[in-house]
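Going line by line, the protein sequences match chains A and B. Read the first sequence against full-length UniProt numbering and you will find it ends at 369, with the numbers running on by one and no gaps. Read the second sequence against full-length UniProt numbering and you will find it ends at 288, with the numbers running on by one and no gaps.
FYI, nobody ran anything at the bench for these hints, they're computed from the structure. A couple of the hints might just be wrong.
[Unchecked claim] Result set (DSSO-like, lysine-lysine): computed pairs, CA atoms no more than 27 angstroms apart in a straight line:
(1) B:LYS191 - B:LYS96
(2) B:LYS176 - B:LYS96
(3) B:LYS176 - B:LYS191
(4) A:LYS135 - B:LYS191
(5) A:LYS111 - B:LYS191
(6) A:LYS135 - A:LYS111
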Amino acid sequence: MTSASTHNIEFRSVSKTYGSVTAVSDISINVPKGAFMALLGPSGCGKTTCLRMIGGFEQPTSGDVLIDGRMMNGVPAYRRPVNMVFQQYALFPHFNVEENVSYGLQQIRPKLANAEIARRAGEALEMVRLGGFGKRRIHEMSGGQQQRVALARAIVNRPSVLLLDEPLAALDKKLRSAMQFELQTLQRELGITFVLVTHDQEEALSMSDFVCVMNAGTIRQIGRPEEIYDHPGEFFVADFVGKTNRIEGTLEPGGKVVRMADGGALAIVARPGVEPGPVVVALRPEAIRLEHRPARMGEITGVITHRVFLGSTAEYSVAAPGIGDVLVTADHKTMTESDLIEPGATVTLAFDPAAAHVFRGTANQVTTR
Amino acid sequence: MELTPKAKKTMVTAALIGPAAIWLFVFMVLPFFAILVFSVGERAPAGGYQPAFTFDQFANLGARAAAFVNTLTLAPIGAIACLLIAYPLAYYLAVKVDPRRRLLLVSLVVVPFWTSMLVRTYSWMYLLGARGIPHVLELIGIENVRLINTPGAVLLGIVYGYLPLMILPIFVSLEKLDRRLLEASADLGAKPISTFFNITLPLSLPGVMTGVALVTILLLGEYLIPQLLGGGKVFFIGNALVDLFLQSRNWPLGSAIAVTLVIVVVAVLLISMRIAWRFAGTRQIDLV
């Protein structure tokens, strides 16, 4: 059963169906040891099903799941070297903090000495900075503290893999970003593989080494966060990960111009392999500059309709003929120095042709959120 | 006339609880006081009550010791028998059964209530009586089996009649149990049996306590089942009261027994509430 593998988790053509509904369809992933991987996708994309198949709460309909090179098909959750931080934490309400954290240690056979259990549970609580909270009842803890209890409970057995199911979803924004750092730090200290499920692209990008973008039960793209953001493999990924503008048109032979429905031209650089024909162009809001000058060949003009001040940045909505509303993000400071920012102004949307991503397809063929 | 907000609030409260309070006062508190007064009185020579102040009746409780012994043994044994049968069934209904069939199966638990308890217990009287099961046993050569008018018959009637009351509260507490807690337990390495004893059972105890208290309290005042299935042989306090008030017309002794019964019921209630609260206190957290 054991194969010399540096992969911590391996999915080999895994599918999972519930009756006639396919949750996960023919997925293969390798997660290297010690990696922090995020499964990112909209709800219902199959990411949670994947996580639950690693945890042993679901069994694949077909295909194999391997952990540390060992076949896991049919192995129940309680025999897997995997622990999970549940959504909403699922802490045991009738136990106090220490009893929750030591629960996993209590299950070890042959039984550990009580002193050993207390020592290890204490260590785990220290790691999540909850030393001294052991005797507290669960309902006396705040949401952020409960989250850390759940974390301590899941790492106390030193699993080979730690699964995190939307762990930060219930926290407020400030606490969430603090926990993102803590989770990263913890992952490096422990050196164990983390698999995070989230629908929040910012969470996935900021914490993980690898992002696996999923949609409709399939993997759309796997890569480092920068790769996913800067080089999306398809329109869905560009659209789901970060904000993006969607422009439809026809790619002309030569791969330098997209002709839009109203006859306007867009200067782009299509990747090799994108055939002339109907295409969708994805353009990041921050790749566009608003300039107060006549448009050159391949650029578009529009009228600013809204401005939303976001602190360090400002978001502009620009009505462009033939495209619709274009979202532009600008550095707040540089923009206030200029006078083009007021709604009503006509501006040219300038961008580096290489920053536009061109994908084959039409509106009907492209999956969006 | 303008009412102050405070006066308004008082009136709303009065309107909400008033009807129930008046009802309880007239039909519960006043009669109970009458019973209290009777219990320290004397039996009139022709039967009934004549005023006095004596605790003789309480000293006399021993005359009906059998009723107390029967009630205080068969009621808890009956409740525990109900519990032992109800828990696995409630667990099956709440955890194991296909959710689409759950509602149907749970309503089947309640179906017996559609028929009068009297009618159902009456049919047991025939089943257990000489022309029922013992007769069938005789046909296959097993003779002299007596079922009716035994403690066993009363116990059977109790379990038959009160099982649904035990199933429902346990079912409710098991059904609202967060399934992720069971997954979390398995995830942390607990075998299914360990998960049951560490998580499922403790978290369903409030339902268990509710069921046990409900069934026990109702059983302490039970009259019908011992009357029909216990004949004159296995009788409860309820039967003794009927006898004392209606047949021998010793109202003061009947009242003293009634007062003692109320004290026992309150004690049972307080003890079970205490136990239930101890666990309920840790369940305040929302796990939605």
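The hints, checked one at a time:
Restraint check for B:LYS191 and B:LYS96: satisfied, since their Cα atoms lie roughly 17 angstroms apart, inside the 27 angstroms limit. Between B:LYS176 and B:LYS96, the direct Cα distance comes to roughly 14 angstroms. Compliance with the 27 angstroms bound is thereby established for this hinted pair. With a CA separation close to 22 angstroms, the supplied pair B:LYS176 and B:LYS191 stays within the 27 angstroms bound. Restraint check for A:LYS135 and B:LYS191: the C-alpha separation of about 26 angstroms stays at or below 27 angstroms, so the hint holds.
The suggested pairing of A:LYS111 with B:LYS191 holds, with an alpha-carbon distance near 14 angstroms, which does not exceed 27 angstroms. Only pairs whose Cα atoms come within 27 angstroms are accepted, and A:LYS135 paired with A:LYS111 is accepted, the gap being roughly 22 angstroms.
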